[in-house]
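Trainee: Take a look at the letters that make up each chain.
There are 2 protein chains.
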Amino acid sequence: LLEGWRRLGLPETNTGVVVAVSGGADSSALLLALDELIRKKKLALSLTVAHFDHGLRGATSKEDARWVKALATRLGYRIALGRANVRMRAAKLRDNLEQAARLARYSFLARTANRLPARLVLTAHTMDDQAETVLLNLVRGSGTDGLGGIDPVRSLDGKGKVLLARPLLSWARRAETETYCRTLGVEFRIDAMNADESFARVRIRRKLLPLMQTFNVKIVEALARTAGLLRDDRSALAGATEVLLEAAREAAEAADRENVPPGLRTDLLAIAPAAVRRRALRHWIAQGRGDLRRIELVHILAVESLLSGTRGGRVIELPGGSLVSRTRGCLRFHRRPARPPERDR
Amino acid sequence: LLEGWRRLGLPETNTGVVVAVSGGADSSALLLALDELIRKKKLALSLTVAHFDHGLRGATSKEDARWVKALATRLGYRIALGRANVRMRAAKLRDNLEQAARLARYSFLARTANRLPARLVLTAHTMDDQAETVLLNLVRGSGTDGLGGIDPVRSLDGKGKVLLARPLLSWARRAETETYCRTLGVEFRIDAMNADESFARVRIRRKLLPLMQTFNVKIVEALARTAGLLRDDRSALAGATEVLLEAAREAAEAADRENVPPGLRTDLLAIAPAAVRRRALRHWIAQGRGDLRRIELVHILAVESLLSGTRGGRVIELPGGSLVSRTRGCLRFHRRPARPPERDR
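Taken in sequence, the protein lines are chains C and W. The numbering used here applies: residue 1 is where the first sequence begins, and numbers increase by one. The numbering used here applies: residue 1 is where the second sequence begins, and numbers increase by one.
Keep in mind that the hints are not guaranteed to be accurate.
Note that the list lumps identical chains together, so a pair holds whenever it fits in one copy or between two copies.
DSSO-like cross-link-like pairs, simulated, lysine-lysine; straight-line CA separation at most 30 Å [said to hold, decoys possible]:
no., residue 1, residue 2
1, Lys207, Lys218
2, Lys92, Lys218
3, Lys161, Lys69
4, Lys41, Lys218
Everything labelled a hint here was simulated from the structure, so no lab data went into it.
Chain C extracted, bound-state conformation:
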């Protein structure tokens, strides 16, 4: 863990850290290993255990919370407990349950970190989680961005003041976390949902990965390696995208007035590599709309099609009603005509 910690460049002293603990083997092992490193004075962290009750499993959820609280107390750490009715939220946002649970959990972790305050939030994702995420995104037809999988370190608040890090991701296997807990005599909790094959992730774990292992016994390592290579690609392409956007932005006065992103010069977009151009368009559209909800590859390609041909005057409508036009050598973003604000996103 200490090696993985250093590889990610995480701070070793004087740092407030929130560690997310569900009570399962992975997160219990992370907590126990951090505790070991703190007691051995290898790390000097001010640690808070955070547990989020998604309210999905009734009495079991409550027992998990009690169990985590008892473990944290026994080890001598503060505990932050959060709860939400994720099923209701999912219904309200028309999101799937896993997505809603994730959003609620990370928002709780971010609030907890801000309140303490703590600079670092840790989750116990393992290499197995990484492999499953890569495959989940693959069966959905993701590109580089999805296939890069889980980030080892990213900003949790979008401002970089709170970092989210996964110190187990690049090396620890799920089975190892179970063995480690057992060695320390800690009877981790077992989440019944991990056996519910109505979740795609569970079927990936129980069916797809074992079959892929017949092709390559080190399939989990291979998928994690692929994800790492693709994250490197993604970061190189993100750099190129920024350079392109910077260069292609026209003087921004008009755009400032209308509160839309500045127009983009079509000549510079046209000569950029497709992969960089499309990323730049996605980024620009996100700026204009506020988000990328319901924006698919087909919309990016439609906007890109404005660049070809010599005549201007064509207009592309995006989901939600905003428009992109091409005039005077620039792509321009137009918010959709004002309507009741609650329908605006």
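Put chain W on the given structure of chain C with help from the hints.
Mentor: Just chain W, lined up with the frame of chain C:
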């Protein structure tokens, strides 16, 4: 097919074309469809049918060749037949059988195109082949380069004088080629090796893809889409790699004298994104050694490690004995001391 043809920007008139026909459904369908387009005067191609007998299946191989010859003759096209003992070649080059068969086949196609001469060679790879290739490379732990799968168009001779194109790749399904042949009353040949599960590709087709289809009924389309996105990324990164290599090359006189690639400036390599830097190093090493045989990611990372730290003087040995050192702010390539030339590659 005509739509796919135009999307690839292939020439529609006055072009010598070699179409590779094994006698299976895919390649028979491609030949029949080209014939239809030629007869309807949609394409004006001078078409030669090429069939390669890999000598792997004894009497059946010979029957396949006779069958393809009969079909070509009936349609009124020239036929070029080639053969090789691929099993022997594979043993000699210590290559696997599929790899050796592929090399022998493409070398035959290139020779045929050069002899005629023809500018364009076509193979009948379908979207199913693309999905299988992506998964084969995935289980091996490939990065972007492997996951991009089969190229729709590439140079066959490395000089761009003969193009290799796959006009079915982005849209045709294998089952459709079978239906098309049957509709035209053509009883395509069935390759018994397509049922031999000792080949990873066959197990991918028969086991892995059907399981993945339970996650996404359009899995083949999804994988083909992913491959397309990754090929776009690859090509953007290749462009950035060229720019970096161009900038980082030092004056080449010394290198010219020793017949090795010019040194690369460490300061410029160090500030490039990792994905671009590693591609540049791979390319430079390939130039120095003549090929990338036995070069793995670990070797690229070892050479990259020369860039960190302030002291020079360290040396990395590559498989085959060539060396990379860091001196006076440059990485330098050194061929290994002369030994009998037949061992040099």
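Trainee: Which of the listed hints are not met by the structure?
Mentor: 4
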